[in-house]
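Hints are included, so try docking the two chains, each in its own frame, into the full complex.
Chain by chain, the residues:
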Amino acid sequence: MSGTKFFMNFPVTETSHLLDAYTARGGYQALAKALQMQPADVTKEVSAGGILGHGGAAFPAGRKWGVVKLNDGEPHYVCMNADEGEPGTFKDRWLLEHVPHMCLEGLIIGSFALMGRHAFIYIRGEFDLPYRRMAAAIEEAYANNLLGENILGSGYSCDVVLYRGAGSYVCGEASAMLASLEGKKGWPRNRPPRLTVKGLYQKPTVVNNVETLANIPVIIGRGAAEFKKVGTPKSPGTQMISISGHIARPGVYEVEYGYSWEKFIYEDCGGMQDGAALKCIIPGGVSTKLLSAKELEGLTLDHISAVAGGSQLGSGGMMAIAEATCMVRVAQVIQRFYHHESCGQCTPCREGMGWMERILDRIVAGHGRMEDIERLYEIGEANDGTTICSLGDSAGYANTAILDHYREEFEYYITNGRSMYDGRLTVSDPFASALAGAGARG
Amino acid sequence: MEFFIDGVPMQAEDGQTVIQAARANGVDIPHFCWHPELSVPGNCRICMVEVEQEKGDPWFDIACNMPVTEGMRVLLHSEKIVRLRKQTMQFITLNHPVDCGICNKSGECTLQDFHYAHNGQASLSRDAKTHATKFFPLSDRIMLDNERCIMCTLCVRFTNEVSQSKALCAVNRGDHALIRPAEDANFDNDQYSDNVIDLCPVGALLSRQLLDHARVWYLQPTRSVCPGCERGCSIDIWHRKPEWALRALDPRLNTRIDRVTPHENPEVNGLWVCNKARDLAALFERPRATQATLGGAATDLATATASAARLIAAARHPVALVSSWGSNEELAAFATALAPHVQPFVKADHLPLPGEVVEDHLLIKPDKNPNRRAALALFPALPGTLAEAITPQTDLVLVWGEGFDGSAVPAGARVIRLDAYADPVQAQADVFIPVSIQTERSGHYTNFAGVVSPFTACFAPAAGIAHAEELFRAIGLALAPAVAGALTGPAA
Chain A
4 MSGTKFFMNF
14 PVTETSHLLD
24 AYTARGGYQA
34 LAKALQMQPA
44 DVTKEVSAGG
54 ILGHGGAAFP
64 AGRKWGVVKL
74 NDGEPHYVCM
84 NADEGEPGTF
94 KDRWLLEHVP
104 HMCLEGLIIG
114 SFALMGRHAF
124 IYIRGEFDLP
134 YRRMAAAIEE
144 AYANNLLGEN
154 ILGSGYSCDV
164 VLYRGAGSYV
174 CGEASAMLAS
184 LEGKKGWPRN
194 RPPRLTVKGL
204 YQKPTVVNNV
214 ETLANIPVII
224 GRGAAEFKKV
234 GTPKSPGTQM
244 ISISGHIARP
254 GVYEVEYGYS
264 WEKFIYEDCG
274 GMQDGAALKC
284 IIPGGVSTKL
294 LSAKELEGLT
304 LDHISAVAGG
314 SQLGSGGMMA
324 IAEATCMVRV
334 AQVIQRFYHH
344 ESCGQCTPCR
354 EGMGWMERIL
364 DRIVAGHGRM
374 EDIERLYEIG
384 EANDGTTICS
394 LGDSAGYANT
404 AILDHYREEF
414 EYYITNGRSM
424 YDGRLTVSDP
434 FASALAGAGA
444 RG
Chain B
449 MEFFIDGVPM
459 QAEDGQTVIQ
469 AARANGVDIP
479 HFCWHPELSV
489 PGNCRICMVE
499 VEQEKGDPWF
509 DIACNMPVTE
519 GMRVLLHSEK
529 IVRLRKQTMQ
539 FITLNHPVDC
549 GICNKSGECT
559 LQDFHYAHNG
569 QASLSRDAKT
579 HATKFFPLSD
589 RIMLDNERCI
599 MCTLCVRFTN
609 EVSQSKALCA
619 VNRGDHALIR
629 PAEDANFDND
639 QYSDNVIDLC
649 PVGALLSRQL
659 LDHARVWYLQ
669 PTRSVCPGCE
679 RGCSIDIWHR
689 KPEWALRALD
699 PRLNTRIDRV
709 TPHENPEVNG
719 LWVCNKARDL
729 AALFERPRAT
739 QATLGGAATD
749 LATATASAAR
759 LIAAARHPVA
769 LVSSWGSNEE
779 LAAFATALAP
789 HVQPFVKADH
799 LPLPGEVVED
809 HLLIKPDKNP
819 NRRAALALFP
829 ALPGTLAEAI
839 TPQTDLVLVW
849 GEGFDGSAVP
859 AGARVIRLDA
869 YADPVQAQAD
879 VFIPVSIQTE
889 RSGHYTNFAG
899 VVSPFTACFA
909 PAAGIAHAEE
919 LFRAIGLALA
929 PAVAGALTGP
939 AA
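Quick note, the sequences are listed as chains A and B, same order. With our numbering applied, the first sequence covers 4 to 445. With our numbering applied, the second sequence covers 449 to 940.
The reader is advised that the hints may include incorrect statements.
In silico DMTMM-like cross-links for lysine to aspartate or glutamate, where the CA-CA straight-line distance does not exceed 25 Å [stated by the list, open to error]:
1. A:Lys-188 to B:Asp-636
2. B:Lys-503 to A:Asp-387
3. A:Lys-187 to B:Glu-631
Bear in mind the hints are in silico, worked out from the structure with no lab data behind them.
Pulled out of the complex, with its shape left as it was, chain B reads as follows (with noise of 0.2 Å):
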């Protein structure tokens, strides 16, 4: 149907509220409460528009729960919409502190954004603020700050209808109303609760990893995806830019993840992640392996994947666990220059840890790796035990990635051992090779549904730590020539 906006003809479909479809034909009607995700409200009042009617007068009212109707003539620059919207910001700003200069959300604050849109006038007030809590712990990861809350209940219909933990509810009345944990819920037990921190569009729930770490302007974000699980969720990690780079104080603050968000893709994880997407930073951020070992002494990349071509041109029974956590190019790479050489299964890098959520309503999936449907498309999967595929034959054994049990290794099997973590037993290895994370390189994930989504390096890699795909093909380049002399056997 048609309607109009400000005189401007627009399309709109059935069923849209007025501010659906003014988004839908790209115009943006200010919001704080209404989330295209979430129930509708209308208590924020700052998305009032006038609708001009055919006889009599204007009629006002909010554009997040007024369907549009055919001929709909909707105003939203008129005079009293403009004096409307200011009155709501001097509401709305009446006993919000106005403390930019300490806030986190600075930078990325609606609220700042809209009273320089909307209102850019001092508070018409000549009376004290109303105080409420500076710091209330809503969980061990979100701290509330009462002071700054305008009150919007996104957060508590995030937990309502998405999350579904019910945990946080609006307590009180009138000025006094404040956002507290429901009486019988712990906010700690919602995977999905560092949402709300995303979804508040003040400085009101703070990231208590983020909270007085790094302004938002130092950072910036690079699109990745979780390997948190099979659901592979596109996600933001942030951290610091090059400009920004620190040179006095602890340099890897330049290479630390300071935070993670949700990257919108409708076709994986819409607009949210669990928590374990937020805590990729303790995940990637572990003491890593860095120096390439022959037999648990020191050596060079190109000393390591020579002798490990070489252990692998002489075995005669050789087994690769390949990782799950590998990126669809690195699997191709492993498929094309070690796959012919070796007899390959699948292996999990990673098994759900003791109380972790195993599945749940929403995102969270049962298998803890991120592309392991890649991996299976390419090699078989592990049998039943390990010891099913590593026979007392088996002579040699590469382990790409984590996860690998050594005992069941027979005596007198070589190992080579492909790693980014810092391991106790990888001195036992005949041959051990760094190399890169996920941070530090670029490449896809096929998720459990068959979507690829891509992730973008957001660090270089330290010096001495191989790329898994390069070092794929140069094993195989190396490969090449000993397998052709294996066969051919010693000159003649």
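If we strip away everything but chain A, and leave its shape as in the complex, we get (with noise of 0.2 Å):
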């Protein structure tokens, strides 16, 4: 794979991820540039560099800084959303392990074009190697004064809380996030306002993604012209994939955006496995609506081809499904994930998440009813958008998406009580345990 690379740009080794290392590599150049800057020229140069979120929404990340007000006598706070848990999605945690030095350098710089003197890393319950070597690389930072009091002789001082949560998807949403971090449940909260206005602990806080912070040292450091020169005019940049499923090699990749999307799949990650065919491509983490191997065709790796394709670009976390894959089977695995995570706060989505996963179960079971197809459009439009978070709207959006594709083997199922592929695929008898009274709920 040819093209710029920001990160994966250096072999990997013992001590790669070691502060002498990344400074070796130019490492907190950018940070000591940042500091002989003005805060607000540091956000403009972010904002002209055009790069977007690389969380998944995909919001101008330079837009979300200009937001916040620097001289209205609050505190600000920025925030490294390091809670990576979107299925399919472990890019993020190739940068923490590799790059932390890099990470930690761009929430720096953001804390100070935010002029904040806290930050914080939210990191993944799970994440035990990211989260040890994040703790090492702090503590580096703070021996070699790139933390703590008058950073780099500047004047501007900054402290970073490393926070470990406890293994809740729904606190990788930014204001779920913020409330765990403020030691309260880990439930969304609704908005207005907007974080940028009353974020963590009230005051206005800036979330960005791990790797969209990995971005802040090379915008600073290479300037905004040079940046906005890899990938496209409205995607600048690189994006960090990670891929999985029956994908020949699966692993995390970095391309530059614009990149060819079958050339990424049939050439870079080898095509299927044992030469299957490509079936569907679920592009962004499974919050994001499946593309159908025809549908790839001609697509390229960015926001706005993925839009056009009918789909998001999203996280990065790519699944790649071979064909022969039972669709059904796919949707009742992804919706026992969202009824699982659903963190269970507003209406729709704490009881359409497990309505729909017992339909699925069901039809799975070779109970299922033809009625409940279009249940399942109906739940999945009941949380299109009436949901405090977009936990809802995903788990209907992955739903309806493989319905809308894969109709036929739905029917099929129900009609016959087994999947068109290899049988009923019963891993256990779910309407049986629930005909029994199961699922009792404390």
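Structure below.
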């Protein structure tokens, strides 16, 4: 794979994540440069770079920073969202493990740009190695005057709090993350007010994804104009992609935006395992609508192209699904996840996730009814834009996209009580246990 | 500012949300989790409304969290909103047991009302409902039925934001989420815990006092005042409707206080009352005094009244201890009819009980008498000790109400007692007259801040029990000729 790489451009060794190795690669020069600038000018430079957030929503990062009023007399916080929990997404983990200082440098620059005294890293509870490496990086940074009082003699002081989450998917949602950081139950908050107005401890807060912040030293170091030369005009820079599923060479890749999607799948990742045909791609974590192999033709890896194709690039957590995979079963597995992870706060998601899973469980157990298909659509529709956060929407999109593409598989399953591919695929018989009154809530 | 609901122009104040502005204009938007006194979690999603946009697609959001803007055009009955509300009701009833036939909330259940108003359709689910703990004792006073809970979190927010006990929380996720006591808190210690029963829009939080005792449609509320402290919270006392009076069962059930709920009064208690008000049944339904006595021997009211008048007229140094539980009307009657003939002092009928919360951040006040302020406006307070008021020269003590220590009465002094409750020392009084209690009479109390609140009779007093107000007038009338006689001496 050719093209510019901002992150995966050095040989990974046992020590390549340490401060010495990072500074030898030019690390923290961007911080030194930023500290010579005015905070507002740093934000302007990030805006000029045109970087879109890498957490999934692809909101312009510079615009998010620019909303915060620097002279409002309030403390400002920047929080690195390292709670990577979307199924199929594991690209931030690579950054945290291998370039923790680059992520940290981006966070410190961001905090400086927003005149913040304290910055936060909310890291996924299950991320053990990334946690230890980030903790060590913070320690190294303090020891070398890259954090703490009077950073690099600039007069700017910043402390970083590394907070380990307890392992809830919804805590990756920005407002739920802040609630969790405050020591409360990780429930999302309603907007308005926006988090940039009332975020952590009710103070203006910017929440950025790990990869977004890791890009900041690149933008500041190279300059926005140079940064924009990479990628496409509307999606500048690179995208870390984690790919899994029935792919021959799963793993984490870095591609320039605008790279050919098919080339990435069939050449860089080696196509499908055992030479199987590609059935579909879930592009950016299970929250994004799947794209069939045919829909993938001609698309490029960037936000504009993905939306034009009927989906989103999301968080870059890609899953490749081979032909002869039962999509009813795929829907069931995805829905089981959403049901398990729904926080239980708002009605449509709390009740809808379980309802959808019970319907899918029943279909898979061979007790489906044709009306179940319409019911799944209805539940998805009732969750579309009606929930506090986007977990409900996402589950609906995931299911309806599978139904839109592979409705005949559902109809076959319901009619015949088994999959059109390989029998009933029944791991257990949840219908039988439901009839027996199982599923007690406590 | 002007905005529109379903095309009708309305006025809103700056900063109001759509639900607040709609209510201010008399339009009710359905809601479960929203409450005017609590924070806005926006979790029930039933208040979803459509906002028409000048350009582009309409916008959908919850009315409880959406600020009104100038010229905003809100739709409550668009096709999409009607469908969304129906779908939300389908979700809410999905795992709810719909056991209205045995639910204590039946008749007052918002879920039931909204189902008929906005759904009216049988459940679309063909799958088994999830089950949860049917009866979880949340405290000594409250039972939680988890299956009926719709996770509106009103109860959790109440304990966090109003009572500040932080005694409740939500545990687990998704449709396994449950309301539970917080790990390091005890809901029994929350002096306002029973308010969550009223707040609960469904039958999930149940009063163990009322549970299985009565259906709300058999009951009626009567406005009253809690006499538990000088706050004088406005309350509703719920008791059996006359048309549903029981004949075959214990007739005392007809005069029982079935429950007490707050009566909204922004000047006094807002929307809440403490648990002491909820326990008024125990306070009022103690064994009553029903018989007038003279030196311990039964007599009738008229004889007792005349005897009391005679004793007062004959006394040279009579002292009266005035009840601080008397109504404004009773105190005024006392002042007019008896005060010229006795030396009155206001006494405390009730003092804080051992272990009772004396004062707190919300409603509870230190003086445990409802009308001391009004009494003190008319009569002096007792001096430091009772002995200072009742001197060795005192030859008559008239005691009105409870909280009297008889040991301070000098030997030979006569005692007249007016009390509502059975008392082992009542026989020692020269004259004892049983009087009515608050639930048997109407009147007003003046609270510590000077706010006057009315209370209304719920029940008629039993035969032989006098209303103190009438009694004072009667004694006063009897006293006038007796006093005149005493002044002029025996007929020459």
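Here's how the hints hold up against the structure:
1. A:Lys-188 to B:Asp-636: Holds - the C-alpha atoms of B:Asp-636 and A:Lys-188 are around 23 Å apart, at most 25 Å.
2. B:Lys-503 to A:Asp-387: holds (21 Å)
3. A:Lys-187 to B:Glu-631: Holds, because 14 Å separates the two Cα atoms, which is no more than 25 Å.
Checked against the numbered hints given earlier, this structure breaks none of them.
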